[in-house]
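Enquirer: Here's the letter readout for the chains.
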Amino acid sequence: MKQYYQPEIETAPREKILEIQNEKIVKQVRHVWDHVPYYRHLMEEKGITPEDIQGVKDIPKLPFLSKADLRDAYPYGLLGTDLKNCVRIHSTSGTTGRRVVAFYTQADIDLWEDCCARAIVAAGGTNEDVVQVCYGYGLFTGGSGLHGGSHKVGCLTLPMSSGNTERQIQFMMDLESTILCCTPSYAAYIGEALAERGYKPEDNKLKAGIFGAEPWTEEMRREIEKSLGIKAYDIYGLTETSGPGVAFECEEQTGMHINEDHFYAEIIDPETGEVLPDGEMGELVFTALDKEAFPLLRYRTRDLCVLSRKPCSCGRTHVKMAKPMGRSDDMLIIRGVNVFPSQIETVLLNEGYTPNYQIVLDRERHNDTFDVYVEVSPDQFSDLMSQIQRMEKSLENALRTMLGIGPKVHLVAPKTITRSEGKAVRVIDKRKLHD
Amino acid sequence: MAITQISMFLNNQPGQLVEAVGAISAAGSNIRAMSIAEANDFGILRAIITEPDRVCPLLEQKFLIMRNEVLAARMDDRSGALHEILTVLNEGNINIEYMYAFTGTGPEEAYVVFRVSDVRTAEEMLQANGIATLSDDTLKL
Chain A
45 MKQYYQPEIE
55 TAPREKILEI
65 QNEKIVKQVR
75 HVWDHVPYYR
85 HLMEEKGITP
95 EDIQGVKDIP
105 KLPFLSKADL
115 RDAYPYGLLG
125 TDLKNCVRIH
135 STSGTTGRRV
145 VAFYTQADID
155 LWEDCCARAI
165 VAAGGTNEDV
175 VQVCYGYGLF
185 TGGSGLHGGS
195 HKVGCLTLPM
205 SSGNTERQIQ
215 FMMDLESTIL
225 CCTPSYAAYI
235 GEALAERGYK
245 PEDNKLKAGI
255 FGAEPWTEEM
265 RREIEKSLGI
275 KAYDIYGLTE
285 TSGPGVAFEC
295 EEQTGMHINE
305 DHFYAEIIDP
315 ETGEVLPDGE
325 MGELVFTALD
335 KEAFPLLRYR
345 TRDLCVLSRK
355 PCSCGRTHVK
365 MAKPMGRSDD
375 MLIIRGVNVF
385 PSQIETVLLN
395 EGYTPNYQIV
405 LDRERHNDTF
415 DVYVEVSPDQ
425 FSDLMSQIQR
435 MEKSLENALR
445 TMLGIGPKVH
455 LVAPKTITRS
465 EGKAVRVIDK
475 RKLHD
Chain B
2 MAITQISMFL
12 NNQPGQLVEA
22 VGAISAAGSN
32 IRAMSIAEAN
42 DFGILRAIIT
52 EPDRVCPLLE
62 QKFLIMRNEV
72 LAARMDDRSG
82 ALHEILTVLN
92 EGNINIEYMY
102 AFTGTGPEEA
112 YVVFRVSDVR
122 TAEEMLQANG
132 IATLSDDTLK
142 L
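Line by line, the protein sequences give chains A and B.
Numbering-wise (the numbering used here), the first sequence opens with residue 45 and increments by one.
Numbering-wise (the numbering used here), the second sequence opens with residue 2 and increments by one.
Bound conformation, chain A alone (with noise of 0.2 angstroms):
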C-alpha cells in the first residue's frame, strides 16, 4: 500500500502544484520587496517590480542570490520579518567562509518539518516505527529537522545527536529502532561497528534509514543497505532554504522529489546564468515560495544535478531531482570541456576501482594534460604485465566515453595518493601556475 503524509499534495496533479506555485510567488515576491531591502535593491537593478512577476513563468526575470550575499547580507540583512516573529536560527558550519545564520518563523519551522515527515512516511514510516535521530542537534539543520518530522508523523522519537556509537548500538538494540537518520558515512561507521560486535544484519530490527548531509554514491549505499539489513533513502536540503527534506527519496531510490509546493527548483547553466530545459545539468538554484523569516528568492546552491518529471511509480507527482553530481566550484574546464571530478568516481566504480584517484592537470606548449591516477585493488591486479596494461587501456576508453576527453590513466599502488588529515587531495592544477 502506497503511504504518503500528505497524499492531497504529494500527488496533486501538475496543474494543482503550478496553481499553488503561482499564487505563491506572487505573494512571495510582494513579501520580500515590503521586507528585505537587500534584495529590492538587486531587483530595482534589474528593474524589476513585484508587477513583473505574475507567477513562477516570471521567476527567471529575479535576481540571483549567491552564497556572497549571504555573507554580505550577515546577520539580519535578509531577514524577511521582524525578529520578534522569529523563533529560531540555524547555522552552517561555516567552513568555506562565514557562517550563513538562517532564521525561522513558527511557519517556517511547521513547513519544513512536513517536509521532513513526508520524507519519513516515503522510507515507511508510521507512528508505530521507532526513529534513531543521530544527526547532530544544535545549530546544525539535520537534528532538528528529521526530530520534527519524526514528531509529525508520531514515531517514538530517539533524540541521540551524532557519536558516541557504543550507545547508538545500545539503544538501536534495546530499544528496538526501526528508521536510522544520520550522514551516510556515520550509517557506514555504524555497520561496520555493529559487524565488529559480532551483530548480523538481521538481529537488528532498523528497516530503513533517511540519510544526508553529505555526497554519497549508489555503490556506498548498497553497501549500507546489507551491512544493515536496510532500505537506504536519500534526503537533500541545505541550511540556506530550511534544512533537509527540501527532497527525499521514495521507494524507487531513483531521484529525490523535490517538495515543490514550498521550494521552487531550476536548473542553470552555471557560467550564464541561462535555465536548462529539463535533463540537462547544471547549478541547482531554488526560490522558497512561501517562507517568512528568510526568504531566499533564486538561491544559488552551487550543487550541480538533472532535473526529472518522468511520472514516478510511488504516484507522487514532484519533481524529481538526481543525486548532486558535484559542486559548480568543484568544475574543471579542461581543453575547453567541463570535467567533475565525481564523473570520474563513478567510472572508477562502474570499473571495479576503489574511489582513491587523483587528477593532475598542467600545460604543456598550451595545451592542458590531463593525468588520472588510481590506486589498483586486489580484483585489478594480476602478475601478468599485459592483463594490467589492458585494464589501464579499458580505464581510459571508460573515462573518454563518460568525459569526452581522454586522460592518462596511471595505476599506482594502494594507499600511495597523497591525502591530507585524511582526505584524498582530488586535483592539482598546476596550470595556475602558469598564468
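Each hint should be verified, as a subset may be incorrect.
What the hints assert, rightly or not - Sample of chain B residues with no beta-carbon within 12 angstroms of chain A, all distances over it, derived:
#, residue
1, G44
2, E52
3, A102
4, F103
5, M126
What the hints assert, rightly or not - Here are the simulated DMTMM-like cross-link-like pairs (lysine to aspartate or glutamate), alpha carbons at most 25 angstroms apart as the crow flies:
#, chain 1, residue 1, chain 2, residue 2
6, A, K90, A, D116
7, A, K60, A, E89
8, A, K474, B, D42
9, B, K141, B, D42
10, A, K459, B, D42
11, A, K437, B, D78
No lab work stands behind these hints: they were computed from the structure.
Everything numeric in this text was worked out from a predicted model, so none of it was measured.
Think of the CB as a built atom: it goes at the ideal place given N, C-alpha and C, for glycine as much as any other residue.
Since the structure of chain A is provided, determine the placement of chain B on it from the hints.
Expert: The following block gives chain B in isolation, referenced to the frame of chain A:
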C-alpha cells in the same frame, strides 16, 4: 605440483623495491628467485620465497600482493638444456607469458620458472619427456 610465486605491485619510484625486499627480510623469509617487470608508473616484483603461507599475510598488511602457481623445471647446466625444455612446451602449443631462472643449492643445479596459461598440461608434458618439475616441498620453501 607447481610452485608458489608471489607478485607485488610497486610504484616505479626510488625506495619502493628496498621497502618491499626489506619487508620480506623482516619476515625472515629467503628469496630464492625473483624478477621485475616494469612499466612507466609501476612495476611487478615476482618472487619465489620461503614459507609463503606464513609470510604472505604479513606482506598483505603493507603491500598489494597476489600469489599464484608457476611451473619450475630442473635444468642441467649445459648447452642445449633450455632449448630441450622449450621444444617440449612448444610441441604442446603452450604459450609462455614470462620466465626467469635461478640456481639451486647443489652443484650444476639450475631451475627455470615458467608462467604458462595451463600449468597442469605443461607439467605433464615435461614429466613425460623426463624433465623434473618442482613443488614447494622439493624446493624446501
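Enquirer: Just double-check F103 (chain B) for me: nearest Cβ-Cβ distance to chain A has to come out over 12 angstroms.
Expert: Given that every Cβ of chain A is farther than 12 angstroms from that of F103 (chain B), nearest at about 17 angstroms, it holds.
Enquirer: Does the alpha-carbon distance linking K90 (chain A) and D116 (chain A) stay inside the 25 angstroms limit?
Expert: Roughly 19 angstroms between the alpha carbons, so the hint for K90 (chain A) and D116 (chain A) holds.
Enquirer: Just checking, E52 (chain B) versus chain A, shortest CB gap more than 12 angstroms?
Expert: 19 angstroms, holds
Enquirer: Check the non-interface label on G44 (chain B): least C-beta distance to chain A beyond 12 angstroms or not.
Expert: 9 angstroms, violated
Enquirer: Does the no-contact call for A102 (chain B) survive, Cβ to all of chain A over 12 angstroms?
Expert: Non-interface label on A102 (chain B) holds, nearest chain A Cβ at 17 angstroms vs cutoff 12 angstroms.
Enquirer: Taken at face value, is the distance from the CA of D42 (chain B) to the CA of K474 (chain A) at most 25 angstroms?
Expert: Given that 25 angstroms is the threshold and the Cα spacing comes to 20 angstroms, the pair holds.
Enquirer: Given the hinted pair K437 (chain A) and D78 (chain B), is their Cα-Cα distance within 25 angstroms?
Expert: With a Cα-Cα distance of about 41 angstroms, the restraint between K437 (chain A) and D78 (chain B) is violated, given a limit of 25 angstroms.
Enquirer: Is it true that the CA of K459 (chain A) sits at most 25 angstroms from the CA of D42 (chain B)?
Expert: At roughly 15 angstroms apart (the allowed maximum being 25 angstroms), D42 (chain B) and K459 (chain A) satisfy the hint.
Enquirer: Would you mind confirming whether the straight-line C-alpha gap from K60 (chain A) to E89 (chain A) stays at or under 25 angstroms?
Expert: 33 angstroms, violated
Enquirer: Beyond 12 angstroms from every Cβ of chain A: is that where the Cβ of M126 (chain B) lies?
Expert: Non-interface label stands for M126 (chain B): nearest chain A Cβ at 22 angstroms, farther than 12 angstroms.
Enquirer: For the pair we were handed, K141 (chain B) and D42 (chain B), check the Cα-Cα distance against 25 angstroms.
Expert: 35 angstroms, violated
Against the hints set out earlier in the document, violations occur for numbers 1, 7, 9 and 11.
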